[in-house]
Amino acid sequence: MSNVKEQWGSRIGVIMAVAGSAVGLGNFLRFPGKAAENGGGAFMIPYFVALLLVGIPLCWAEWAMGRYGGRQGFNSAPGIFSVLWKHPLAKYLGALALLIPMAVYFFYIVVEAWCLGYAWNYLTGSLMLGKNPSAYVDFFTKFTGSAKDGALFSGTIQPALIFVAITFLVNYLVVYRGLSGGIEKFCNIAIPMMAICAMCVLVRVLTLPANPNAPDQTVVAGLGYMWNPNFSALLESKTWLAAAGQIFFTLSVGFGVIINYASYVKPKKDIALSGLTATSVNSFFEVCLGGTITIPAAFLFLGATTLATFTGNAFGLGFKALPNVFAEMPGGQIFGFLWFFMLFLAAITSSLSMLQPVMAFFEEGLGLTRRGSSMLMFVITLMGTGFVMYYSGEGTGMDAIDFWAGELFIVVLALVQAIIYGWVFGIKLGQDELDSGAELRVPRFVQFVIKFVSPAFLIWILIATLTSRITEEVPGKGNLRILDRLNNQTQLAGFLIVMGSLVFLWIMVFFAGQRWKREGRA
Amino acid sequence: MNILGWIFMTLSMLSVLSLVVYCVSKVLFYAPKD
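Just so you know, the sequences run in chain order G and S. Our numbering runs 895 ahead of the 1-based position in the first sequence. Our numbering runs 6 ahead of the 1-based position in the second sequence.
Take the hints with a grain of salt, since some may be wrong.
As the list claims (entries may be wrong) - Here are the simulated lysine-lysine pairs, DSS-like style, with alpha carbons at most 27 angstroms apart:
hint	chain 1	residue 1	chain 2	residue 2
1	G	Lys1037	G	Lys1026
2	S	Lys32	G	Lys1215
3	G	Lys1215	G	Lys981
4	G	Lys1164	G	Lys1080
5	S	Lys32	G	Lys1080
6	G	Lys1161	S	Lys32
7	G	Lys981	G	Lys1323
8	G	Lys900	G	Lys1133
9	G	Lys1164	S	Lys32
10	G	Lys1037	G	Lys1215
11	G	Lys1164	G	Lys900
12	G	Lys1037	G	Lys1133
To be clear, the hints were calculated from the coordinates, so they are not data collected in a lab.
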């Protein structure tokens, strides 16, 4: 049998943990770039449509399925899926909800380490390189090893390796301490700290005077660059796809995290209000803070032309463009530190949530202790992260895993969850589950949305994503992008790692199924 | 920033802020304690 069942220590704790999982680098780096290049303020129309039609309803569905599964004694997606859908295949579909957080962790931890490394370098003054854009590009290239594959493993020990080791250690120390003793306590401190750092940077950015070298580059003009609506963008499907993708990315929908976290909520405790609160906290960080810091600051010091080259590239915006801004900003060293430390906190609260779903499965499916599941997960993630770090040339290793796990499978899992909730588990049971202990009445039409609108929307996203990836032109590589990926050695290796991880998880799920059958649980 | 930019920014932020204030205040002040 599984160990003593873990539960959240408090209501605030679970909200903080789910919000912490959702608030990540995408809120501050990806969202403003996507909005600016897809219609500015007009982008918010598809953004809110996707939030209402897919984001919030699917979050509620995941909360409901998670707590229902938790009540039946399961915390991992394979177990929860097997009680929601009494079919031998169900638990294998649940393996997707383990694969995605695990595979995304492989590279997310590396970016998290970059944030910590940049924060440290600001604290020590090593990143105050003056008004020299190429110096920051060189620093990024050297620090991340993006010049060529194996760059981080040649010569002396590279700083990035040390920061990855530290972030690994911190992550595992926190998750090893358990749900309420580790993740919850950490998020209860990290989220307010993150908000304070963000507010400090926000106040600094909004009070900056106009650029003396270019008087038309003001904060207000920067806000205009981000928010002035371009309604013609609404006629393009890519705008709607970008908005829907952003909602997925930001809310951790179809990620396997919410369903796991919700399974630890006590029976008869509210999930409707908790779910909406976590979603709204995430939106606050994204729209109110992410939408007012990054682009205006970058616009003020870099101007529209230079900024336009960075908006489609979140890492470029965060790690190459913004250091130029801090170099010119009064008090740039301390604000640079606050900014990257805030990004580190945003990242670590997300990476912690990627470990928990898989470890919960190892514990309840394979009968491992917390120590055993931590060790097993540590070895697996070390191998995956090792791949990403070795194939660091132009970030190809990272891109390969992100494409399959973070872009494609995430939509597939969301679709599977919407279908299981709407068509197998049933919207009547779903509504009853949401209503149980609810402190907020979830409107009935939400069930209709989850059953009909969300799956249709998700199928459209899946088809549009696949179509764009097949026909999208890649400079120098022709236009069959997915096939190009499989012709490239590193891309193929990344694909095989993701698929190999899925096969490994399926084998583990098979053994877990045997175990649950012996115990009479499934 | 043009007038539409101000309107979109203000409306977006007000929507999100009102939602977060509503939810957080309900959790903190109106919901039964754990």
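How the hints compare with the structure:
As the CA atoms of lysine 1037 of chain G and lysine 1026 of chain G are separated by approximately 19 angstroms, the hinted pair is consistent with the 27 angstroms bound. A distance of roughly 41 angstroms separates the Cα atoms of lysine 32 of chain S and lysine 1215 of chain G; the hinted pair therefore is violated under the 27 angstroms criterion. At roughly 50 angstroms between alpha-carbon atoms, lysine 1215 of chain G and lysine 981 of chain G are farther apart than 27 angstroms, so this suggested pair is violated. With a CA separation close to 20 angstroms, the supplied pair lysine 1164 of chain G and lysine 1080 of chain G stays within the 27 angstroms bound.
About 22 angstroms separates the Cα atoms of lysine 32 of chain S and lysine 1080 of chain G, which keeps this hinted pair within 27 angstroms; it holds. Of the pairs offered as hints, the one joining lysine 1161 of chain G and lysine 32 of chain S holds, with about 19 angstroms between alpha carbons and a cut-off of 27 angstroms not exceeded. Among the hinted pairs, lysine 981 of chain G with lysine 1323 of chain G is consistent with the structure: their alpha-carbon atoms are about 17 angstroms apart, no more than 27 angstroms. For the suggested pair lysine 900 of chain G and lysine 1133 of chain G, the alpha carbons sit about 45 angstroms apart, so the restraint of at most 27 angstroms is broken.
The hinted pair formed by lysine 1164 of chain G and lysine 32 of chain S meets the criterion: a straight-line CA distance of about 15 angstroms does not exceed 27 angstroms. For the given pair, lysine 1037 of chain G sits about 12 angstroms from lysine 1215 of chain G by alpha-carbon distance, which is consistent with the 27 angstroms threshold. A distance of roughly 16 angstroms separates the Cα atoms of lysine 1164 of chain G and lysine 900 of chain G; the hinted pair therefore holds under the 27 angstroms criterion. Note on lysine 1037 of chain G and lysine 1133 of chain G: the hinted pairing is violated, with a Cα-Cα distance of about 34 angstroms set against a maximum of 27 angstroms.
Checked against the numbered hints given earlier, the structure breaks hints 2, 3, 8 and 12 and satisfies all the rest.
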